[in-house]
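> Take a look at the letters that make up each chain.
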Amino acid sequence: MDMLEQTQVALDSIKSNKLRSFLTTLGVIIGVASVILLVSIGEGLKTYLTDIFAGMGSNLLFVTPGKRNTKGGGHGGALSTVHKLTVDDARALGQRSYNIMGVAPRVVGGAAIENGSLSRDSVVLGTDEQYLKVHNLKVASGRFLLKEDSDGRRRVAVIGQTIAKELFGDTSALGRTVKVSDTRFRIVGIMRPKGQSLGIDYDEVVFIPVTCALDMFNQEGLSSLSIKAANPTNLQPAISDIRQILKHRHNNREDFTIISQADLLATANRITSTMTLVLLGIASISLLVGGIGIMNIMLVSVRERTREIGVRKAVGARRMDIMIQFLIESIVISLIGGAIGLLLGALISLGISSAVPEFPPPKITLWAVMVAFGFSVAVGIFFGVAPAKKAADLDPISALRYE
Amino acid sequence: MIEIEDVKKVYTMGAEKVHALRGVSLTVEDGAHMSIVGPSGSGKSTLMNVIGCLDSPTSGTYRLDGELVSEMGDDALATVRNRKIGFVFQTFNLLPRQSAVENVALPLLYAGTGRRERKERALAALSKVDLANRANHKPSELSGGQRQRVAIARALVNNPSILLADEPTGNLDQEVGREIIKLFEKLNADSGVTLVLVTHDRALASTAPRQVEIVDGHIVSDTGR
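Protein chains in written order, with my numbering: chain A, 1 to 403; chain B, 1001 to 1225.
Hints were generated in silico from the structure; no laboratory data involved. Watch out, some of these pointers could steer you wrong.
What the hints assert, rightly or not - The calculated PhoX-like cross-link candidates involving lysine-lysine, where the alpha carbons are at most 25 Å apart (straight line), are:
#, chain 1, residue 1, chain 2, residue 2
1, B, Lys-1084, A, Lys-15
2, A, Lys-46, A, Lys-363
3, A, Lys-194, A, Lys-179
4, B, Lys-1138, A, Lys-15
5, A, Lys-133, A, Lys-194
6, B, Lys-1119, B, Lys-1017
7, B, Lys-1119, B, Lys-1084
8, A, Lys-18, A, Lys-363
9, B, Lys-1138, A, Lys-18
Treat the numbers as computed from the prediction; the structure is a model and nothing was measured.
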């Protein structure tokens, strides 16, 4: 007896009990929908993070002060013995290595930005002329910071689009002054819109010379160095140059940490993958519950159809024929549930991305679809076997007599 | 040909052993028309189940058309039932959701017959019982007599060698019951199928030329051979 016939028999039986079949499917629908939804949210998040890092440029390296224990064997020294990263460190790196295209110092702080009565809090980023090149940023009007600005501690600022709009409205901000933490700065440039990148919204940043920022935030050392390697496909030469030069300048101690974008991406991927798996695990529980629902109904169905099974056996159905009939029925139920759940999960995903634009758009991946479908078939088989076996094992004589 | 030799059947019900058949020997020639009669609990149902290959004897041998079916496993017995036995039950036992023609075609489904041939043969079987015009009716849309005729068509569809009828008129009124018996006689005469009628009703049993009476697991009389 071929599969097509068996499927037809299964479909007939499902159709003859529509409400019950639907309620049975509901468990699988909810399970598969949540698998699709949660996994696509996780995948969306992953894509979102990858895009952020890709936007930074792939040849970007960061140096932060202090040895972070990322690769084991941490530095024993206390924080007080750590050399600060200085502007001179940045300059030295830029001058002494062919493998480095640019080095930008960073001092990051927060401060109130004022223009008359208008005021807002903002990120203040102290840096120098290299920052544009290193971070692939562009100035919309005016100019960026110059070397002379840092050397001469000139009180000049370059502001992001959002700051310009909020503090100056439609009038040009170029040449005007703003108070940054009660110190007057002349605006010499306005950045092109860039948006979020690595946790900083560049449209809301005020750039000032790194020397001014160190004074303003009363810091001796830099927050970090941003370094652009000359060779985007192989960062190793740049990394070993940085390590060598800085160690030399820091009394032969590696009291700094070099982070590549690949490291960050790998970390982010690890986090999102783990999260996706956790979400998948949670969603699987509802699939499991759905499967138990199927098993329950199939057992009821076998009991109800005892006589039918008896008749089928009397006219020549073998154990396998009966087994396959009921197995196909439970697989068809779970597959229908899987298909509806897939659709539902996809719709909710789309609904989320259109209702909440700020949320990273969920991404429905092929593997999530395969997993959901595979799961529902597996649930159908796994929870269908016991009832099907029960049906196949029925004794035809007592099955025929069953009332 | 049915050749049963010293067949015993013992059921274990809890701690008790029930001897349903205590050594039955019976030979039925091809194309015979016989009845098995006996009160309830006499073992006639067990004998019918053995003949019908629904049940295997505890001891003794049963050869059907030369094949030793008493030694066969479940699946092999299912195949024998499919090819050689046609059952007609007191309660018809039609599948309620399937049409008459689908019910009739059911044995062919398990014989692996193709879809088109199944339908053709099922319709042919239905016309043998004069129900071709009701082919697409569900059992619930048919009268008792019509249902039993659908069941007979189902029993005949795979050209069995034995037609095994278990109280086939038990759920029908007398008039309709007589028609069914006439149909059986006609089928037996026309196609030469062996007809075995199992009943507790002596009047019904006496319509068959050969009557086997079973009491308490023994054959007590075998007349009209």
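> Please list, smallest to largest, the hint numbers that this structure does not respect.
1, 6 and 8
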